[in-house]
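A.B. asks: So you can see what is in the structure, the chains are spelled out below.
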Amino acid sequence: MKILRVNMTDLTVTEESVPAEYLGLGGRALTSAIVAKEVKATCHPLGPNNKLVFAPGLLSGTSAPSSGRLSVGAKSPLTGTIKESNVGGTASQQLAKLGIKALIIEGVPVEDKYYMVKVTKDGATILEAQELVGLGNYELVKTLASAHGEKTGALTIGSAGENKMALANISAKDPSGNLRSAGRGGLGAVMGAKKVKAIVIDDLDAPGVSIANAEKFKEAARVLAKGLTEHPVTGQGLPTYGTNILVNIINEAGGLPTKNFRLARFDAANKISGETMYDTILKRKGNPTHSCHNGCVIRCSQVYNDADGNYLTSGFEYETIWGFGANCCIEDLDDIAKIDWLCDDIGIDTIETAVTAAVAMDGGVLDFGDGKKLTEIIRDEIGKATALGRILGNGADFTGKAFGVTRVPTVKGQGMPAYDPRTVKGVGLTYATSTQGADHTAGYSVATNILKVGGYVNPLTKEGNVDLSRNLQIATAAVDSTGLCLFIAFCILDNSEAFQAVIDLLNAQYNLTLTANDVTELGKAVLKTERAFNEAAGFTNKHDRLPEFFQEACPPHNTTWDFSDDEIDEIYNFTKPVLAHS
Amino acid sequence: MKIEVRVFATFRKQVAEYLGQSTEDAFYVELPADSTLKDLLNAIGLGKEKVIIPLINGLRQEENYSLAEGDRVGLFPPVGGG
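Those protein sequence lines, which keep their order, are chains E and B. Just so we're aligned, residue 0 is where the first sequence starts under numbering that gives the first Met the number 0, counting upward by one. Just so we're aligned, residue 0 is where the second sequence starts under numbering that gives the first Met the number 0, counting upward by one.
A few of these clues could be false.
Cut-off 16 Å, straight-line C-alpha distance, at most; resulting in silico cross-link-like pairs (EDC-like, lysine to aspartate or glutamate) [claimed, not checked]:
# : chain 1 : residue 1 : chain 2 : residue 2
1 : E       : K36       : E       : E20
2 : E       : K523      : E       : E569
3 : E       : K270      : B       : D24
4 : E       : K451      : B       : E61
5 : E       : K451      : B       : D24
6 : B       : K12       : E       : D278
7 : B       : K49       : E       : E229
Think of the hints as simulated: they come from the structure by calculation, not from any bench.
Take these sequences, add in the hints, and give me the full structure.
C.D. replies: Below is the structure:
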């Protein structure tokens, strides 16, 4: 295994052996360790001292089911915190098979030119790529496939990344040549600042991943795959309906943020629901069950066609549909699908864009419910980086300030996802305290609050939610380090054999004797590292708070955000206090 | 008493076939005054389902929950996402 270091200032690549301290790390644990060690926490995220780190998970590149997730880390231009954004596609497995534990991109070119990085079995090379400037992600991925081979992987930025917008994501090519996104935190802007338009990965004649105990590994992989296939959520719900199955249940639970977090039920929920989407996909001969990476047994992605049966978008997720649907009051699923395609092509995070759009609606830029106008604004303003586009392109906080809007649902500058924190309190605590800014995946309490997975904690009251959010944040930091999709949690929280199989996989691959306790300790260590970085960047427990408008009661349950500062601060009781209470 | 019911995901087809009516939107079920959630499940053909997530007026309830006139009941098989 090796670390590839690409220096964009002097345009050199160095190959390094993996230091002992990184040997047991992968994915998020490794990106965060490298960023924390090498990036000055007070640096400008778009300046020469930030670094962009790609790391496959510990199990990526193997036959372990659903293990092809890639972690991307840097200091975030959206939040100013450390960031790990997690994505599927082919890149994680390809990098792992090439023996690359991490790819670090550092510095900023002296000349105003764009480049691409090509990674092969022989290492990495930096190539000039002026001809790629301005291409949208869809055309870019096709162009790269023609030039470098259909089977090569690609990590790319669209126009938003080139324009260094805080909404900008990094796209990852999926096995069908379509796009997945390392969406959150504006990491596409970091890649754009380094003038890297694309990273192409060719794993031809890659050495592959060595497994210390192949028999044990195979058996553990079988047990995990069986668990995932047999669990009703990972074996039936997600493959059939995708993540958008959540619209109706979160709506019924009274937790679907609507009209910029004014309400928690959307009258038109059924029109944008997973059930409607599934019927529409079948009618139009799309594909409801599609993998974002090879070897995934959950296959929650899908291909959504237009009314004429032509490809419209894929990886059409609940968060996207909630954001442009309920939160912006847009009722037409086709309008939302077109917006999703545009966001992927321009290279912007759909969650942050949707939260920003609703803030812009409150600011009078356009009306709630106007999907056609929003499509135009994303394409012609954000996509073309006009003055308005640059305001919106820098996220919900920036847009709120520009238009004098105080109803801005963000924490640490990052837009809040698809669950109202007043009615799904466990996830509200995650939004408040996550090292990443408001992020649902960082500690997905929704599973236990609403979905009956991993027990039950009442979503409307305080009791049990602090422990729930803390435990899930720790577990998530560990899962995000393995390369396994976070959705395996739906299964392993209920199935102890499948949970043990994850530990067995790690032990068999690396010849270790880890226990469940060691995995928890890994999760805690990741969070401690991230929190220490944030502290050095100037963050304190005073930043672990929700915006004050969440003290308004929200129908239908008319609950408020009612945790005290002391209660919130209990989440990170396993780290030293960031700052004493004043 | 009249109960407002919505069923979701795989339950839509299942309940539609059992009741012989569309379940795409909310429908109403007439039940005796002292009925429980379990009685409702039996009445719409979901009595034998192993795992159901029931939300009554947006709140999780158990099968012995006593229903009241006008209750809004949503019934889900295990689902997940995020």
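A.B. asks: Now, for every hint given, state plainly whether the structure supports it.
C.D. replies: These are the hints, each one checked on the structure:
1. A threshold of 16 Å between alpha carbons decides the hint, and for K36/E with E20/E the separation of about 11 Å falls inside it, so the pair holds.
2. The suggested pairing of K523/E with E569/E holds, with an alpha-carbon distance near 14 Å, which does not exceed 16 Å.
3. For a cut-off of 16 Å, the pair hint linking K270/E to D24/B stands: about 10 Å separates their Cα positions.
4. Pair hint K451/E plus E61/B holds up; C-alpha atoms about 12 Å apart against a cutoff of 16 Å.
5. Proximity of K451/E to D24/B is assessed by CA-CA distance (about 24 Å); at most 16 Å being required, the pair is judged violated.
6. With a C-alpha separation of about 12 Å, the suggested pair K12/B and D278/E falls inside the 16 Å cut-off, and the hint holds.
7. Between the alpha carbons of K49/B and E229/E the distance comes to roughly 14 Å, so the proposed pair stays at or under 16 Å and holds.
The structure shown violates just one earlier hint, number 5.
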